[in-house]
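With the hints as extra help, turn the sequences into a complete structure.
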Amino acid sequence: MKQYIGTKTIMAEPMTHADAEKALGRVIISAILEEDGYLVEYKGGYRSWSPKSEFEKVYSPVDGMDFSQALHALKVFKPIRRKGWNGKGLIVFRQIPQAPPVEIIPNMTSLPKSAKHVILSTAGHIDYTSQCIIYNTLTGRADSWVPSVSDLFAEDWEIVQ
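Heads up: the sequence shown begins at 4 in the numbering used here, then just goes up one per residue.
No lab work stands behind these hints, which were simulated from the structure alone.
All clues given are correct.
DMTMM-like, lysine to aspartate or glutamate: derived pairs with alpha carbons at most 25 Å apart: (1) Lys55 <-> Glu37; (2) Lys25 <-> Glu59; (3) Lys81 <-> Glu161; (4) Lys86 <-> Asp154; (5) Lys78 <-> Asp159; (6) Lys81 <-> Glu16; (7) Lys78 <-> Asp66; (8) Lys78 <-> Asp130; (9) Lys81 <-> Asp154; (10) Lys55 <-> Asp69; (11) Lys46 <-> Glu57; (12) Lys5 <-> Glu44; (13) Lys55 <-> Glu44; (14) Lys46 <-> Asp66; (15) Lys81 <-> Asp146; (16) Lys5 <-> Asp159; (17) Lys78 <-> Glu161; (18) Lys5 <-> Glu37; (19) Lys81 <-> Glu57; (20) Lys55 <-> Glu161; (21) Lys78 <-> Glu44; (22) Lys91 <-> Asp69; (23) Lys5 <-> Glu161; (24) Lys46 <-> Glu161; (25) Lys86 <-> Asp159; (26) Lys46 <-> Asp22; (27) Lys86 <-> Asp69; (28) Lys119 <-> Asp146; (29) Lys60 <-> Asp39; (30) Lys5 <-> Asp22; (31) Lys5 <-> Glu16; (32) Lys55 <-> Asp66; (33) Lys5 <-> Glu57.
Derived CB-CB ranges, DEER-like: (34) Gln98 <-> Ile32: 41 to 49 Å; (35) Val152 <-> Pro100: 21 to 29 Å; (36) Glu59 <-> Asp130: 33 to 41 Å.
A virtual CB, placed ideally from N, CA and C, is assigned to each residue, including glycine.
Here is the structure:
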């Protein structure tokens, strides 16, 4: 089966209504009379069949995605990468927004003393919002990431499993 993404991640494969009934071992009663569709497997192992027209309104394959689909995956905290990147082991993550308690700021090792002084003497807090990092699985290095123009128009994005 090939993996797809919608509001949740599922496993699915194209399958006719009749073949799905055989695979599932039960009669499928559908409000939409279509022969073509997808055998769907949800997390936890539950399997069902979905008519092609309804399935394709909701789900897209997770490999060979364009940037809008990859961005959707990032929004729901799925790690992504491009097949066409020259660097091997590169993965993009969306960081989870955080607002560390003010008493944590003086002990943060990721900020220099001067930055902590500015934060505590001005707003008095730091709120991390939506940020993306590119992580190298070979070196363990993480850097901030902004997509390039070629990334925006690429159609070789995939979700990292």
